[in-house]
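Protein chains: 2
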Amino acid sequence: MQSEPVNLAGAVAQIQDYWDPHIVGELNGQHVKLAKVKGEFIWHHHENEDELFLVLKGVLHLEMRNRTVTLEEGDFFVVPKGVEHKPVAEDEVHLLMFEPASTLNTGNVRNERTVDRLRRI
Amino acid sequence: MQSEPVNLAGAVAQIQDYWDPHIVGELNGQHVKLAKVKGEFIWHHHENEDELFLVLKGVLHLEMRNRTVTLEEGDFFVVPKGVEHKPVAEDEVHLLMFEPASTLNTGNVRNERTVDRLRRI
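Sequence lines, in order, name chains P and L.
Heads up: the first sequence runs through residues 618 to 738, numbered per my numbering.
Heads up: the second sequence runs through residues 618 to 738, numbered per my numbering.
Derived from the structure by calculation, the hints contain no laboratory data.
Where hints are given, some of them may not hold.
For identical chains, the list gives no copy identity; a pair is met inside one copy or between any two copies.
For lysine to aspartate or glutamate, the following EDC-like pairs were computed, each having C-alpha atoms within a straight-line distance of at most 16 angstroms [unchecked claim]:
(1) Lys655 to Glu689
(2) Lys674 to Glu690
(3) Lys655 to Asp733
(4) Lys698 to Glu643
(5) Lys703 to Glu680
(6) Lys655 to Glu707
(7) Lys655 to Glu621
(8) Lys674 to Glu701
(9) Lys674 to Glu664
None of these values were measured; they are calculated from a predicted model.
With the sequences and hints as input, model every part of the structure.
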């Protein structure tokens, strides 16, 4: 349960690695996560979870099989459950994500980029 | 279901009235809402819903019975279910809220500030 206010920029600054989402808030069975990303992630989908991406800094391309959505600072997009997507960031991007606590970062795929136990800030 | 990206500042700019939350996104039974607020709201609580407030612009005071939390731009706070709170904004504040779709803006109270049918952007 959140008991103190969280400053997004301050929290992102504590993240060291790319593609390593950190939990910064929890409510109603959902997590608020922050991540620094750069480069290409893997194609994956989430069977049961819609996933919200809000760009705090930088430019994120969300590739889907039939379209690519480009998000700049202050833009958000919801990837519906079941929709395959691949986040791509040419330069460093700071992201906020809202999604159910059950969500695995690599969705239906399990590989070296899977983070099972998320860190908290 | 969200099918196009939403720019937060652009969406807030479409809101006319204070204390009139608009739905801008929906995922996993939760709503993403935006609001412009100024002045004092009423004391209320939400029986079953935790409520996240993220300040996009301005300074929001979240008065609770035992403490007041002050949020500046980029700060968020989760008011746990059952906790009485009263948002206060001396000047105009732009807010993002994340909460279950079932959440009523005035919680356990029903008065002239209750908004039953939220607008969508």
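Evaluation of the provided hints:
Taking the shortest alpha-carbon separations for lysine 655 and glutamate 689, only the intra-copy value of 14 angstroms comes in at or below 16 angstroms, while the best inter-copy value is 28 angstroms. Taking the shortest Cα distances, lysine 674 and glutamate 690 sit within 16 angstroms of each other both inside one copy (5 angstroms) and across copies (14 angstroms). Proximity of lysine 655 and aspartate 733 under a CA criterion of 16 angstroms is satisfied in neither setting, with 20 angstroms inside one chain copy and 42 angstroms between copies. In this assembly of identical chains, lysine 698 and glutamate 643 lie within 16 angstroms of each other by CA distance solely across copies; the values are 12 angstroms between and 20 angstroms within a copy.
Taking the shortest alpha-carbon separations for lysine 703 and glutamate 680, only the intra-copy value of 5 angstroms comes in at or below 16 angstroms, while the best inter-copy value is 41 angstroms. Proximity of lysine 655 and glutamate 707 under a CA criterion of 16 angstroms is satisfied intra-copy only: 6 angstroms inside one chain copy versus 39 angstroms between copies. In the homo-oligomer, the alpha carbons of lysine 655 and glutamate 621 never lie at most 16 angstroms apart, since the shortest distance is 29 angstroms inside one protomer and 23 angstroms across protomers. Taking the shortest Cα distances, lysine 674 and glutamate 701 never come within 16 angstroms of each other, neither inside one copy (24 angstroms) nor across copies (34 angstroms).
In this assembly of identical chains, lysine 674 and glutamate 664 lie within 16 angstroms of each other by CA distance neither inside one copy nor across copies; the values are 28 angstroms within and 35 angstroms between.
Going through the hint list in order, the structure does not satisfy hints 3, 7, 8 and 9.
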